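Student: Sequence:
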Amino acid sequence: MSLEKVFHLKENHTDVRTEILAGITTFMTMAYILAVNPNILSATGMDSGAIFTATALASMIATLLMVFFANYPFVLAPGMGLNAYFAYTVVLQMGYSWQTALAAVFIEGIIFVVLSLTNVREAIFNAIPMNLKHAVSVGIGIFIAFIGMQNAKIVVDSATLVSLYSFKGSAEAGTFFSEGITVLLALVGILLTGILLIKKVKGNILWGILITWILGILCQLTGLYQVNPELGCYSLLPDFSGGISVPSLAPTLMQLDFKGVLTLDFFVVMFAFLFVDLFDTLGTLIGVASKADMLDKEGKLPRIRGALLADAIGTSIGAVLGTSTTTTFVESASGVAEGGRTGLTAVTAAVLFGLSLFLSPIFLAIPSFATAPALVIVGFLMMTSITKIDFADYTEAIPAYIAIIAMPFMYSISEGIAMGVISYVVVNLVSGNGAKKRISPLMYILALLFVVKYIML
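For what it's worth, this note's numbering labels the leading residue of the sequence shown as 210, then goes sequentially.
What the hints contain is simulated information worked out from the structure, not anything from laboratory work. Some hints here could point you the wrong way.
Result set (DSS-like, lysine-lysine): computed pairs, CA atoms no more than 30 Å apart in a straight line [what the hints assert, rightly or not]:
| id | residue 1 | residue 2 |
| --- | --- | --- |
| 1 | 409 | 362 |
| 2 | 362 | 408 |
| 3 | 662 | 468 |
| 4 | 411 | 597 |
| 5 | 645 | 214 |
| 6 | 408 | 219 |
| 7 | 646 | 662 |
| 8 | 362 | 377 |
| 9 | 377 | 214 |
| 10 | 219 | 509 |
| 11 | 219 | 506 |
| 12 | 662 | 645 |
| 13 | 646 | 509 |
| 14 | 468 | 219 |
| 15 | 509 | 597 |
| 16 | 377 | 506 |
| 17 | 662 | 509 |
| 18 | 597 | 506 |
| 19 | 214 | 509 |
| 20 | 597 | 409 |
| 21 | 468 | 409 |
| 22 | 219 | 597 |
| 23 | 645 | 509 |
| 24 | 411 | 362 |
| 25 | 377 | 408 |
| 26 | 468 | 411 |
| 27 | 597 | 408 |
| 28 | 646 | 506 |
| 29 | 468 | 214 |
| 30 | 219 | 362 |
If you're wondering where the values come from, they're calculated on a predicted model, not measured in any experiment.
Let the hints inform the model, and build the full structure from the sequences given.
Tutor: Have a look at this one:
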């Protein structure tokens with residue numbers, strides 16, 4: 210059976226080379242999760258080697274489910290934000306064991322399967338107005354550009370909450386040749402990737418990552434870049450000194466504890482996982498699908514049920530393996546920006562997640578300053594959806610604007626959607642346009658639920 214028959218490449222105006230390049234690009238922009246997830250979750254006392262294996266396996270299985278159920282170029286992995294909530298809030302702050310937290314993630318996944326099969330999640334997706342969908346795409350673009358600049362330390366904490374990295378300060382502190390040089394490389398990488406994009410070089414985002422990484426390696430070999438683990442500046446060269454072996458999954462496999470399931474606190478924890486995952490996933494699907502022109506004339510995403518089902522089942526499988534909520538990654542936008550339109554993109558990324566089990570030294574050596582330019586440039590590409598928003602109609606434009614600014618400033622896709630939905634309903638209702646626009650009853654219900662969430666949580 211040919212790849213054309215399986216993935217319908219011609220129908221989606223793509224080819225094998227484009228799809229594979231897109232899959233490699235998506236994987237490269239999100240390979241950091243293989244290093245970051247064990248780092249975050251191990252704070253709970255979980256075995257970091259087992260978390261690495263669980264992360265790679267959960268990502269591979271959930272992404273293949275996306276291919277099987279929906280034939281979309283979306284890649285899944287344990288979500289950022291959700292892993293931090295799991296470790297720092299549920300376990301370290303609220304005092305639950307990581308085994309109980311995994312049980313909460315597992316149950317959340319099961320509830321999602323039911324919601325996906327009963328059209329609830331699909332109905333929510335379809336109820337959100339088209340202008341708000343474009344706004345979600347723009348908001349995500351700014352948000353991931355911000356994440357990219359943070360990862361590269363271009364943007365750092367300061368008295369004004371955030372500010373530009375100080376090269377003068379790093380020179381005075383003696384950290385320029387470790388930290389400062391990586392910030393410089395990231396800035397070069399952004400300009401370089403931008404130029405490759407302008408020149409229409411095939412695989413421009415992937416090339417941007419690789420060239421930035423290679424420049425970093427050259428700096429390390431010539432002494433311009435100095436390794437300093439205390440500052441998070443590690444060797445940029447893959448380390449095969451420990452040989453090739455897959456860390457055991459045994460310490461986290463099927464370690465779920467359902468003892469506290471019937472308590473109110475447990476319900477609150479599970480609801481928080483449920484809420485963030487639901488609207489992060491919907492936001493990512495809306496944003497990335499909108500950018501790829503996958504939405505139909507009514508703003509609906511064909512085969513969305515399959516995409517949501519993959520996400521839901523992936524979450525429960527991830528919990529059994531021993532990782533926090535598995536969700537559709539916003540970095541999928543980088544593959545879409547490279548022209549990825551079908552499940553072949555996702556299959557490529559899934560295969561690389563499988564290979565990463567054996568080649569972890571290579572993937573763990575890709576520094577965040579090399580993937581940051583990709584996120585910044587993808588942010589630009591997603592921001593172009595702003596031209597599709599109807600700014601002449603203030604009842605559409607103001608809620609869209611609120612949704613856009615909420616995502617980066619509140620550091621959350623789901624909060625951006627919540628603010629967008631609440632403001633859309635209130636602005637249209639108070640200005641007397643609610644009846645005229647025939648706002649979906651589900652939008653009113655969502656707005657009410659979001660308001661209740663802010664009061665209760």
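Student: Compare the structure with each hint and give your call.
Tutor: Right, here's what the structure says about each hint:
For the hint linking residue 409 to residue 362, the alpha-carbon distance of about 28 Å falls within 30 Å, and the restraint holds. A distance of roughly 28 Å separates the Cα atoms of residue 362 and residue 408; the hinted pair therefore holds under the 30 Å criterion. Restraint check for residue 662 and residue 468: the C-alpha separation of about 26 Å stays at or below 30 Å, so the hint holds. Between residue 411 and residue 597, the direct Cα distance comes to roughly 26 Å. Compliance with the 30 Å bound is thereby established for this hinted pair.
The hinted pair formed by residue 645 and residue 214 fails the criterion: a straight-line CA distance of about 45 Å is larger than 30 Å. Between residue 408 and residue 219 the CA atoms are separated by roughly 25 Å; this keeps the pair inside 30 Å, and the hint holds. In summary, the hint linking residue 646 to residue 662 is supported, as the alpha carbons are separated by about 26 Å, within the 30 Å threshold. Distance restraint check for residue 362 and residue 377: the Cα-Cα separation of roughly 14 Å lies within the 30 Å cut-off, and the hinted pair is therefore satisfied.
Distance restraint check for residue 377 and residue 214: the Cα-Cα separation of roughly 58 Å exceeds the 30 Å cut-off, and the hinted pair is therefore not satisfied. Using a Cα cut-off of 30 Å, the hinted pair residue 219 and residue 509 holds, with the two alpha carbons roughly 22 Å apart. Between residue 219 and residue 506 the alpha-carbon distance is near 21 Å, which keeps this suggested pair within the 30 Å criterion. Taken as a hint, the residue 662 and residue 645 pair is honoured in the structure, with Cα atoms around 28 Å apart against an allowance of 30 Å.
For a cut-off of 30 Å, the pair hint linking residue 646 to residue 509 stands: about 18 Å separates their Cα positions. With a CA separation close to 52 Å, the supplied pair residue 468 and residue 219 exceeds the 30 Å bound. Of the pairs offered as hints, the one joining residue 509 and residue 597 holds, with about 16 Å between alpha carbons and a cut-off of 30 Å not exceeded. Straight-line distance between C-alpha atoms of residue 377 and residue 506 comes to about 52 Å, which puts the hinted pair past the 30 Å bound.
Simply put, residue 662 and residue 509 have alpha-carbon atoms about 26 Å apart, close enough for the 30 Å limit, and the pair holds. For the proposed pair residue 597 and residue 506, the alpha carbon gap of about 13 Å is at most 30 Å, so the pair holds. Using a Cα cut-off of 30 Å, the hinted pair residue 214 and residue 509 holds, with the two alpha carbons roughly 24 Å apart. For the suggested pair residue 597 and residue 409, the alpha carbons sit about 23 Å apart, so the restraint of at most 30 Å is met.
Among the hinted pairs, residue 468 with residue 409 is inconsistent with the structure: their alpha-carbon atoms are about 56 Å apart, more than 30 Å. This hinted pair checks out: residue 219 and residue 597 have alpha carbons roughly 27 Å apart, not beyond 30 Å. For a cut-off of 30 Å, the pair hint linking residue 645 to residue 509 stands: about 21 Å separates their Cα positions. Restraint check for residue 411 and residue 362: the C-alpha separation of about 28 Å stays at or below 30 Å, so the hint holds.
Taken as a hint, the residue 377 and residue 408 pair is broken in the structure, with Cα atoms around 34 Å apart against an allowance of 30 Å. At most 30 Å may separate the alpha-carbon atoms for a hinted pair to count; residue 468 and residue 411 exceed this at roughly 53 Å. At most 30 Å may separate the alpha-carbon atoms for a hinted pair to count; residue 597 and residue 408 meet this at roughly 25 Å. The straight-line distance between the Cα atoms of residue 646 and residue 506 is roughly 17 Å, inside the 30 Å bound, and the hint therefore holds.
The hinted pair formed by residue 468 and residue 214 fails the criterion: a straight-line CA distance of about 48 Å is larger than 30 Å. Restraint check: the Cα-Cα separation between residue 219 and residue 362 comes to about 41 Å, which exceeds 30 Å; the hinted pair is violated.
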